[in-house]
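Asks: Which chain is which? The protein sequence lines are E and V, in order. Residues in the first sequence are numbered from 8 upward in steps of one, following this note's numbering. Residues in the second sequence are numbered from 116 upward in steps of one, following this note's numbering.
One or more hints might be untrue.
Short derived list, chain V residues pointing at chain E, Cβ under 10 Å [as the list claims (entries may be wrong)]:
#, residue
1, G158
2, R171
3, G178
4, D642
5, A645
6, M647
Okay, the calculated bits of chain E under chain V, using three or more residues with CB under 8 Å as the criterion [stated by the list, open to error]:
#, segment
7, 165 to 173
8, 360 to 372
Since the hints were made in silico from the structure, they are not lab data. Beta carbons: idealized from backbone N, C-alpha and C, even for Gly.
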Amino acid sequence: MGVRRTAEQVLALAPDEASRRAGSGLGTARSWSGAGTDGGAVWGRCEGDGPMPYRTVVDTTGPACSCTCPSRKSPCEHALGLLLLWAADEAAVPAADGPPDWAADRLPALRAGAAGAARRAEGGAPADPEAARRRAERRAARVTAGAEELERRLADLVRGGLAAAGQRGYGPWEETAARMVDAQAPGLAGRARELGAIPGSGPGWPVRLLEECALTHLLDRAWLAGDRLPAGLAATVRTRVGLPSVPGGTAGRDRWLVLAQYDTGDGRLTTRRIWLHGTDSGRTALLLSFGAGGRAPALALPVGAVVAGELTPHAGAGQLRAEPGEPLVPVGGPAGPPPGGPVGAALDAYGRALREDPWLDSWPVTLGRVVPARAEYGWQLADADGREALPLTGADRARPGLWRLLALSGGAPVTVFGECGHRGFTPLAAWSPDLPAETVPLL
Amino acid sequence: MPTSEAPSAASRPVPAWEELVTSALLGTDRRPPPGTRGAAAAGALLDAAARQALRRRAGLRPGPAAALPERAPDDPRPPLPEAARRRLDRLLAGRAAPAPPGGRRGTAPDLAELLPQWLAMADERGYKAPPASLPALLDAARARTDLRPRALALAGPRGLWLARLNPEWRFALRGGGAGGSLPDPGDAEAVRELWEEGLFAERVALLGAVRAKDPAAGRELLAAGWAGERAEDRLMFLDSLRAGLSAADEEFLEAALADRSRNVRATAAELLSALPGSALAARMAARAVTCVGLDRTLFVPTVVVEAPHECDEEMRRDGVVAVPPAGRGERSWWLGQLVEAAPLSCWPARFGGRTPEEVVALPVADDWRAELHAAWCRAAVRQRDAGWSRALLGDPSTPPATGPGTSSLGERAQLLTMLAAEERARWVAAFVAAHGLSEAFQLLGVCAVPWAEPLGDAVIDALDAARDAGGYPWSFSGVMGLAERCLSPAAARRLESLAALPEPEDTSPGAGAYWSEAFQRLVATLDLRARMRAELD
Numbered sequence: 008m009g010v011r012r013t014a015e016q017v018l019a020l021a022p023d024e025a026s027r028r029a030g031s032g033l034g035t036a037r038s039w040s041g042a043g044t045d046g047g048a049v050w051g052r053c054e055g056d057g058p059m060p061y062r063t064v065v066d067t068t069g070p071a072c073s074c075t076c077p078s079r080k081s082p083c084e085h086a087l088g089l090l091l092l093w094a095a096d097e098a099a100v101p102a103a104d105g106p107p108d109w110a111a112d113r114l115p116a117l118r119a120g121a122a123g124a125a126r127r128a129e130g131g132a133p134a135d136p137e138a139a140r141r142r143a144e145r146r147a148a149r150v151t152a153g154a155e156e157l158e159r160r161l162a163d164l165v166r167g168g169l170a171a172a173g174q175r176g177y178g179p180w181e182e183t184a185a186r187m188v189d190a191q192a193p194g195l196a197g198r199a200r201e202l203g204a205i206p207g208s209g210p211g212w213p214v215r216l217l218e219e220c221a222l223t224h225l226l227d228r229a230w231l232a233g234d235r236l237p238a239g240l241a242a243t244v245r246t247r248v249g250l251p252s253v254p255g256g257t258a259g260r261d262r263w264l265v266l267a268q269y270d271t272g273d274g275r276l277t278t279r280r281i282w283l284h285g286t287d288s289g290r291t292a293l294l295l296s297f298g299a300g301g302r303a304p305a306l307a308l309p310v311g312a313v314v315a316g317e318l319t320p321h322a323g324a325g326q327l328r329a330e331p332g333e334p335l336v337p338v339g340g341p342a343g344p345p346p347g348g349p350v351g352a353a354l355d356a357y358g359r360a361l362r363e364d365p366w367l368d369s370w371p372v373t374l375g376r377v378v379p380a381r382a383e384y385g386w387q388l389a390d391a392d393g394r395e396a397l398p399l400t401g402a403d404r405a406r407p408g409l410w411r412l413l414a415l416s417g418g419a420p421v422t423v424f425g426e427c428g429h430r431g432f433t434p435l436a437a438w439s440p441d442l443p444a445e446t447v448p449l450l
Numbered sequence: 116m117p118t119s120e121a122p123s124a125a126s127r128p129v130p131a132w133e134e135l136v137t138s139a140l141l142g143t144d145r146r147p148p149p150g151t152r153g154a155a156a157a158g159a160l161l162d163a164a165a166r167q168a169l170r171r172r173a174g175l176r177p178g179p180a181a182a183l184p185e186r187a188p189d190d191p192r193p194p195l196p197e198a199a200r201r202r203l204d205r206l207l208a209g210r211a212a213p214a215p216p217g218g219r220r221g222t223a224p225d226l227a228e229l230l231p232q233w234l235a236m237a238d239e240r241g242y243k244a245p246p247a248s249l250p251a252l253l254d255a256a257r258a259r260t261d262l263r264p265r266a267l268a269l270a271g272p273r274g275l276w277l278a279r280l281n282p283e284w285r286f287a288l289r290g291g292g293a294g295g296s297l298p299d300p301g302d303a304e305a306v307r308e309l310w311e312e313g314l315f316a317e318r319v320a321l322l323g324a325v326r327a328k329d330p331a332a333g334r335e336l337l338a339a340g341w342a343g344e345r346a347e348d349r350l351m352f353l354d355s356l357r358a359g360l361s362a363a364d365e366e367f368l369e370a371a372l373a374d375r376s377r378n379v380r381a382t383a384a385e386l387l388s389a390l391p392g393s394a395l396a397a398r399m400a401a402r403a404v405t406c407v408g409l410d411r412t413l414f415v416p417t418v419v420v421e422a423p424h425e426c427d428e429e430m431r432r433d434g435v436v437a438v439p440p441a442g443r444g445e446r447s448w449w450l451g452q453l454v455e456a457a458p459l460s461c462w463p464a465r466f467g468g469r470t471p472e473e474v475v476a477l478p479v480a481d482d483w484r485a486e487l488h489a490a491w492c493r494a495a496v497r498q499r500d501a502g503w504s505r506a507l508l509g510d511p512s513t514p515p516a517t518g519p520g521t522s523s524l525g526e527r528a529q530l531l532t533m534l535a536a537e538e539r540a541r542w543v544a545a546f547v548a549a550h551g552l553s554e555a556f557q558l559l560g561v562c563a564v565p566w567a568e569p570l571g572d573a574v575i576d577a578l579d580a581a582r583d584a585g586g587y588p589w590s591f592s593g594v595m596g597l598a599e600r601c602l603s604p605a606a607a608r609r610l611e612s613l614a615a616l617p618e619p620e621d622t623s624p625g626a627g628a629y630w631s632e633a634f635q636r637l638v639a640t641l642d643l644r645a646r647m648r649a650e651l652d
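So here's chain E without its partners, still in its complex pose:
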């Protein structure tokens, strides 16, 4: 059963600013005819520039949508407009017993598509177990060859000295990364690419390069140790190397507060991270969604909303990633922030998490009663007693969020959720004591 979203939640689904604009313009009753809903789906005809109206139907549990317009964006402006109309004016989208035939015809495919999209993104469910096993073995052998080659490359680097490597530049590492892609080990390829970038990353690079080389070496060794690792760590290593991660733990149902949603990536692949906090269980979960070729990732949740549903954690020690077994539905009802602690406890939590997964760059934590303050090196979050503080990471994309955080605090203690790691703390969401039910996104 779908739940009516607010206009803001609908706009958060838009793949880009142009769609948001166009969709907003279509969210009026006069753009639509024959609009209706049966609770699970919304449909309507939108008068476009052409002679035929576009026919739009949205499965609100997904949301997944289908429209006769030529737009390749998903959701298209018409689907957004229809959802906006429903959000703004319930009377304009009257309840009906069932969709008209043209909409009913398209709903099954839509619902199957929404459920299958997540699985397809992970490589699909195997049809023939024997063939799948042979494929997996062949892939493991190629990864092993890749890991061995990367080990030789690291040994050569350390024998010749990092100083000499710094002068050779980025080229050799780009080549190594390409060979890791050939070895079907995207995790190793990513690490190789990062190693190549470190010598140009400013003062102190030799220390960072040695750290990352050593941890890459640790990952190679862990992969090559294979069967001798405990099952949990072995699953973590597989994920880090870049083999598909699969949901494997016990599913848990909860009401989840959406803490943050942000995208990273290059032009080819957009990775969306969504942090959730289980308001009953207290668990933290990470949803990942991918969009290829400039398309927006399929999954979108509005920050600050509470959604209900079942999440299945991925296998592997210390993994927070989870997969929704069914679409998460907004249930409304504001929720306060997760319980927060002092900055020292946040670093302790990161330290503990490294025991399970030594390759973690950061760990999600909530800081309670902290104040943003300006230190000589930049901004930090300090405990309200003014004794200890964590530096904020200096990512440029975090700048607008920093000002929002400062405005929210006004020099007084606030609660902040973010990622805490060896580079510092990246704030993602904040709450002021005046409005604890209002999640302020910082990215």
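Assemble chain V onto chain E, guided by the hints.
Replies: Just chain V now, with coordinates in the frame of chain E:
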């Protein structure tokens, strides 16, 4: 150091991190880590470095906290209602969004143009901005100076607190934005101190604040150190007397007529002439009536003009500029200045007790009409005289080129601002009904928002007529934009039927779709404005 026990892999002491970094930088071939040799050295170094790197990360401790910032002052104003808070975020986000490709505006309301109206409504109701929206609000005010006063008022003390932390928002701390740091105009000692020691911008702001509260106190503040001020500062300070100008200022202004600076003298004269009871106004009246009179010997009584033959020392002292701009005759230039500065009350007596309407209707001999009426228009605006403004505007249905007063739409708009809001709207409505929209833009711009009903109806009728006449909506984009911002939301119901009207057969090809789109946007914007207002109440 080896111990007496047999070393095992787990208990072998790990070399210190610095040693490992040195080995790695120079290469293990040259500098193997302690206890290793040859080809195995590289692997051993990486093993040891992995353990040390993890130790370093797992053992990270917080650093010392810097001095905590001063707390933002409390803002006792009520917070915005929930829906209005979300609306503000949408308006601010819409401002930053790029224009749609191709420049076609579509049917969506233009959010950037609604922001000023929203800010004005929110300020009138005394709300404070939600803290999380302050950065976007300050960014908007930085980009558009016309938003600054309203945006900074809404941002309040926390906005100023925040602006001090980001150099990009320094504008908020200047001028009016520094209102928080100005002393109370009633605190004579603090006022005196800032007046004597403050920076120029602070002093201008202070003078404005004091003058607004107590015009006499402002003038006295200014008079105290007048002679010691620099000429350009004197000009700025004198200009601030415009607010709250009254007969009590005459003495000070009269003295300023003898100022060393010509610009200061001219400004003083201009201010004095806006005081119809001043001695300067009386001197100007005496000069003007000798130049303009009535010839009753003609069949139709006619105004005759004899422009001054010279600009003497006395005239110059009273602010008359002797040298005309290029291309203008000096006698008509002098006449214009005399008539402009003479109190309008001197003319009915000069013309046998005629009313302003009757005076304006008199024929003028020898092509002096345009010159004389233009000067009266300037005088009516300067002296804020509604009766003369009404007379000079004439009947709205008369074509502008043949009417009295001025044919300049800008000057007419100025005259209109002298009338009460309701009369102004009625006059412009009648003008639009008679002449359409092509010359109405500036006149519409001075009407009170939202437009009164007769004016709104006239504009809608005129747009409808323009469509039927085969025009394209972009020819009226200026008026359309104004209508979106200024029409009363109640007009939406009338427009709905227009937006849905079937395309007349004789319109230009394709124009119907554009008109329908333009009307839809107009309706959508009015809907949105009505919702914006409802959300704030």
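Asks: All hints, please: hold or fail.
Replies: Hint check:
1. G158: Cβ of G158(V) sits 6 Å from chain E, so the hint holds.
2. R171: Constraint on R171(V) satisfied, holds at 8 Å.
3. G178: Cβ of G178(V) sits 6 Å from chain E, so the hint holds.
4. D642: 7 Å, holds
5. A645: Since the shortest Cβ distance to chain E is 13 Å, the answer is violated.
6. M647: Violated - the Cβ of M647(V) stays beyond 10 Å from chain E, reaching only about 13 Å at its closest.
7. 165 to 173: Answer holds; 7 residues pass the 8 Å Cβ test.
8. 360 to 372: It holds, with 3 qualifying residues against the three required.
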